[in-house]
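Undergrad: Heads up: the protein sequence lines correspond to chains V and Y, in order.
Per my numbering, the very first residue in the first sequence carries number 35; after that it's consecutive.
Per my numbering, the very first residue in the second sequence carries number 35; after that it's consecutive.
Calculated directly from the structure, the hints in this document are not laboratory data.
Heads up, a few of these hints could be off.
When chains are identical, the list treats them as one kind, so a pair holds in a single copy or across two.
Stated by the list, open to error - Cut-off 30 Å, straight-line C-alpha distance, at most; resulting in silico cross-link-like pairs (DSBU-like, lysine-lysine):
id, residue 1, residue 2
1, LYS282, LYS199
2, LYS131, LYS382
3, LYS199, LYS288
4, LYS326, LYS131
5, LYS326, LYS86
Protein chains: 2
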Amino acid sequence: MSEEKRLEIPRGFLFAAGEAGLRTHGSGPDLGLVYSTVPAGVAALFTTNRVKAAPVLVSQQHLRGSRNKARAIVINAGNANCATGRQGMDAARQCAKQTAKLLAIPSEQVLLASTGVIGVPLDPGQITSQLPALARRLHPEGCGSVAQAILTTDTRPKVAFRSLKLAGKNITILGMAKGAGMIYPRLATMLGFFFTDAAVEPRFLQAAARRMCDLSFNRISVDGDTSTNDTVFVLANGMAGNRMIRAKSAEGEKFLRALTEIAQELALELVRDGEGAQKMAEIRVEKAATAKQAEAIARSIGLSPLVKTALAGADPNWGRILSAAGNAGVAMEPDRVDIYLNRILVCKKGMAARYDEAAAQRELQGRESLLRVVLHQGTAAARFWTCDFTEEYIRINASYRT
Amino acid sequence: MSEEKRLEIPRGFLFAAGEAGLRTHGSGPDLGLVYSTVPAGVAALFTTNRVKAAPVLVSQQHLRGSRNKARAIVINAGNANCATGRQGMDAARQCAKQTAKLLAIPSEQVLLASTGVIGVPLDPGQITSQLPALARRLHPEGCGSVAQAILTTDTRPKVAFRSLKLAGKNITILGMAKGAGMIYPRLATMLGFFFTDAAVEPRFLQAAARRMCDLSFNRISVDGDTSTNDTVFVLANGMAGNRMIRAKSAEGEKFLRALTEIAQELALELVRDGEGAQKMAEIRVEKAATAKQAEAIARSIGLSPLVKTALAGADPNWGRILSAAGNAGVAMEPDRVDIYLNRILVCKKGMAARYDEAAAQRELQGRESLLRVVLHQGTAAARFWTCDFTEEYIRINASYRT
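Okay, chain V solo, but in the shape it has when bound (with noise of 0.2 Å):
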């Protein structure tokens, strides 16, 4: 991670954040501003959920009105402004118009992004209130603040960037998230927030970031579920004065593999950081016949609660990752599996193995594990990213509001 590390922030981003006292456990910063002195172009993805929160269409909405481009994003937690019908669009709208006045620039390049209770109408004067305040102190080391405060039962922020050149020019790409529960493939309960001064051609910026959630955020399950709210932005600002980067270009692929890099380290820290989760595990397919059916059984062990379970009571319990790879609804030869826990061979074609019981609980005692399903059907291979299903997550989830 890169807490360690000094953050660089890609040029031209100005970050800030605020208490809007929207949270109903508690206080503490809950509001977030992102500007770009620049207007950036814009790559989104939203949750496949049918039920939309305000903040995702009216993002929307700009984003189609405004051919892409944004100039600030306001983030808040504590009220995820859904289920609350034309008076959450009237807020939302709000919101954005407020802040659209304070920067000087067009509503429709404020993007909107909200988590936290679902259905609790939001009052938009809490966060117009706090804006002025916090467009005065946009700065970029403001960055951290930001990824703070837009967390809900997260522990910890999380925040990734990589710098690199590319003809010629030092770009920097800096990526947050929040996220906890609700985290399932077709992206989590989950904001992403991605920033760059690279200039990236609009059209292949949009495919970078539909290839880097597919590998990243849409492999990772804490608990199975798909909020209303899920938000991933990707703004590039060109303000590194490189050449457009474009698809098919060796700048491209650097371009998209710093991306990915960023975002796999962010959800690896979602997995890590999922409610209850004391431990996380890897689980990598490995010959396969295809692609397909690697990820669609990689996908379904990561989200077995019993496969969860298991892990979290360190029981080498893999006839429950067999049963699960065998519920992915693809066809898998069971007589060929082999599959291991971290460097211990527990299953041999689809039979146990001989392995010493108490040394792979030992393995399985650790923060982290890898589970290796090798399928002999042929070359292809997965990963995924998933974490262990506790009482704990139970309890959170049990008394959420209450």
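Please build the complex by placing chain Y on the supplied structure of chain V, with the hints as guidance.
TA: Structure of chain Y alone, referenced to chain V:
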């Protein structure tokens, strides 16, 4: 439940239970034998998991060989005989062969079902050595002891029956089931056995079994996992002397209704007795555009861990219900949705209704709740049953084997 009523046993079915010492935790009966004094027609449904246990594979072979006739079922708990390779297949076949020999029937007329831990070799001698004693004890009144012997983490046996008059003859249908964990739509780790003395046309029997499962066992969830051993057998031995029951007849409808009622009764008992479950909820989706939409939405709500933990915490968090509905993968108009917790309207047209939070909480403190989701898009409806997700579920599953 039928425990208060005196069980009526369909003619010609005999039962016995015993102890083979297969349980890894504690002791007690773990072996059941069922015998029909004449060959019975069989309808069978098996797990959709690609990993199928040896008893599933052997039963499938036997049913092909016998053209869906059977006279005996051997059922064991404690060991699933799954992921046990050729040795496991041999063990299953030996159990069937030994049973056939004792009862002087063809091997192919013996069916098998196992439940318990995966991946541990099954010593057939533990079962075959007990079979002679079981064969001697076969008796109609042994039914309850078999329902007891097949339990794993279930806390109580599940038996239900109906007696009805069909075309002038009294017929009886008796069902028993076990479940507890790994309970999910596409058959759960769930064994279900149905016995009737009615004569039923074979293709109608299979169709009725499938329809009955679709409306009962496929509409419940404990944890969303699907096991390698799921099995439902329906045996009809014709000893009631009735005219053959056929599809598209008044008798057929009546038979199907009784069968489905029994299965629903058992399915609800499975949910009530789900691992760690303290509460049950019926999810009723109404006024849907299509039955498919209704079913998908009911299912998505019933599977959501966030809905299930809210139920555990008696938190009237209708936002999670709405969000889960939005995740069903089918079209929905969120702005029309009304949600009721029992009789309390908590969400009206996709927004918070005016309701007394404390009263809504009290509704969820009962052992059984009704979550009604009214879509206002048409006239279709569907029901689904789920249990709460408790810390006890995690405790049970984080230490199943150790």
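Undergrad: What are the numbers of the hints that this structure violates, sorted from low to high?
TA: Structure breaks hint 4 only.
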